[in-house]
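Protein chains: 2
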Amino acid sequence: MTRKVFYISDGTAITAEIFGHAVLSQFPVDFEQKTYPFIETLAKAEEVRNLINDSFITTGERPLIFHSIVNPEIRAIIYSSEGLDYDFLNTFVAPLEQQLGIKAEPKAHRTHSIANDSYNARIDAIHYAMDNDDGVTMKNLEEADVILIGVSRCGKTPSSLYLSMQFGIKAANYPFIAEDMEDLKLPPELKRYKKKLFGLTINPQRLQEIRQSRLADSKYASPRQCRMEVKEVEMLFKRERIPFINTTNSSVEEIATKILSKTGLERSMF
Amino acid sequence: MTRKVFYISDGTAITAEIFGHAVLSQFPVDFEQKTYPFIETLAKAEEVRNLINDSFITTGERPLIFHSIVNPEIRAIIYSSEGLDYDFLNTFVAPLEQQLGIKAEPKAHRTHSIANDSYNARIDAIHYAMDNDDGVTMKNLEEADVILIGVSRCGKTPSSLYLSMQFGIKAANYPFIAEDMEDLKLPPELKRYKKKLFGLTINPQRLQEIRQSRLADSKYASPRQCRMEVKEVEMLFKRERIPFINTTNSSVEEIATKILSKTGLERSMF
Chain A
1 MTRKVFYISD GTAITAEIFG HAVLSQFPVD FEQKTYPFIE TLAKAEEVRN LINDSFITTG
61 ERPLIFHSIV NPEIRAIIYS SEGLDYDFLN TFVAPLEQQL GIKAEPKAHR THSIANDSYN
121 ARIDAIHYAM DNDDGVTMKN LEEADVILIG VSRCGKTPSS LYLSMQFGIK AANYPFIAED
181 MEDLKLPPEL KRYKKKLFGL TINPQRLQEI RQSRLADSKY ASPRQCRMEV KEVEMLFKRE
241 RIPFINTTNS SVEEIATKIL SKTGLERSMF
Chain B
1 MTRKVFYISD GTAITAEIFG HAVLSQFPVD FEQKTYPFIE TLAKAEEVRN LINDSFITTG
61 ERPLIFHSIV NPEIRAIIYS SEGLDYDFLN TFVAPLEQQL GIKAEPKAHR THSIANDSYN
121 ARIDAIHYAM DNDDGVTMKN LEEADVILIG VSRCGKTPSS LYLSMQFGIK AANYPFIAED
181 MEDLKLPPEL KRYKKKLFGL TINPQRLQEI RQSRLADSKY ASPRQCRMEV KEVEMLFKRE
241 RIPFINTTNS SVEEIATKIL SKTGLERSMF
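Chains as they are written, first to last, in my numbering: chain A, 1 to 270; chain B, 1 to 270.
Here chain A stands alone, though its shape is the one from the complex:
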């Protein structure tokens, strides 16, 4: 029997999910996880409480609860359920109040909402990443915080998007393609913004797998082509002293945070 987990919030429930997922992923068991966002009324809270209690009756096991509910009346209804509440936010509020010498002023939707000052800048960064993906234009590089460069399918696009979405960073990206390889050099537009350039590379075998699943049995996906492109581009990075990382074993979060850490770019939080 897999243990039931309830993520509950009067907002998006994203914080509750991320926290619960981080804690539960340390346990080598499967969980049946369900998320209840926007529980903003007593009636909705009672519905969720009933689901929790039903689950307890059916399974004989208390469901685990991770909530980020700010309203005390709504919270009280969830507390009154048969679930086990791991109250990850409030556990730390009292010690922080004591340490900071001020009272917390919990308000709903304080994170993950447009109330955040930098929200518009973040949306601009997302549109910037979209509009300056894959070298489609070189006109807006002046605005870029960072310009990711590398061979096709080494992770530039997801990393650019993640940088914009999570951290509000304006990231353009530019691919080196097969035709560039014979005499590989930086285009003048990139040379002009050389300090913003950051290279991504990847193991040729992994690149080949990725390209194969996209365009099976093409020249583009051949082992020989992948090896050659990676070698040429890495030589360019070294020749031009462009910082770069290998993305083979890294997730988009890991690539993005490594780029920030190596470039010293500041993160915004939302």
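Keep in mind that the hints were calculated from the coordinates and are not lab data. Check before you lean on any hint, since a few could be wrong.
Pairs involving identical chains hold if they fit within one copy or between any two copies, as the list cannot separate such chains.
What the hints assert, rightly or not - No farther apart than 25 angstroms at their CA atoms in a straight line, the calculated lysine-lysine pairs in the DSS-like style are these: (1) Lys-258 - Lys-107; (2) Lys-238 - Lys-258; (3) Lys-258 - Lys-34.
Starting from the structure of chain A, add chain B where the hints point.
Structure of chain B alone, referenced to chain A:
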């Protein structure tokens, strides 16, 4: 004097940031926040400990620490600093061990890494959102989990990207443009996938502000045009019984989670 905050991790530090940000945002004060990801060696941990101690000496106030370090030796070095450690993950591990009747097996990089089974599906979803943005092609709608429709700049693109990035959902999007308005109807390709359609709308005044900052004093950004487009598209949603939400006061997280909650699409977690 703003209080110093250290986010420290042997991974990306994204979980630590999200947790700390959620707790601290309840306090009506400014914090000076700095993130130290990939603290994977004792030497690096000692460097961070020195920074924490320096900060204490300089400011006379203990820095606040939110960490997600798995390795006990590295963690011990951070514990030994002058900072105040709000140990948000480990606080809940012991009670969960007792409740689940098994020992936690903490491993670094268990979240936000490619070790996650669904990682490739998520990257596919991100590329899908990019490739099927803004109605550039209607060829891949069969694959879509959801198709967002609405006027230009009502939030379709950031929402599609967020759905793919955070939840692994394949979201296409399609804009209704000025030329469509005279006799607005669903194109046959969208009609075919009507069950996947989800509408976004926005208050005309807000739309006008957004368009104005993009293309100042154009017909596209005129109050009259914005009012007309929103009215026509909302009438279409109602006529065709397409579910829709108003994005005016919602962040990309709120829009995405409302879409999930109204469509019943399942979230993946990474």
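Consistency of the hints with the structure:
Taking CA atoms no more than 25 angstroms apart as the test, Lys-258 paired with Lys-107 passes between copies only; the shortest distance there is 20 angstroms, against 33 angstroms inside one copy. In this assembly of identical chains, the alpha carbons of Lys-238 and Lys-258 lie at most 25 angstroms apart only when taken from the same copy (18 angstroms versus 47 angstroms across copies). Proximity of Lys-258 and Lys-34 under a CA criterion of 25 angstroms is satisfied inter-copy only: 15 angstroms between copies versus 32 angstroms inside one chain copy.
Hint compliance for this structure: every hint is met.
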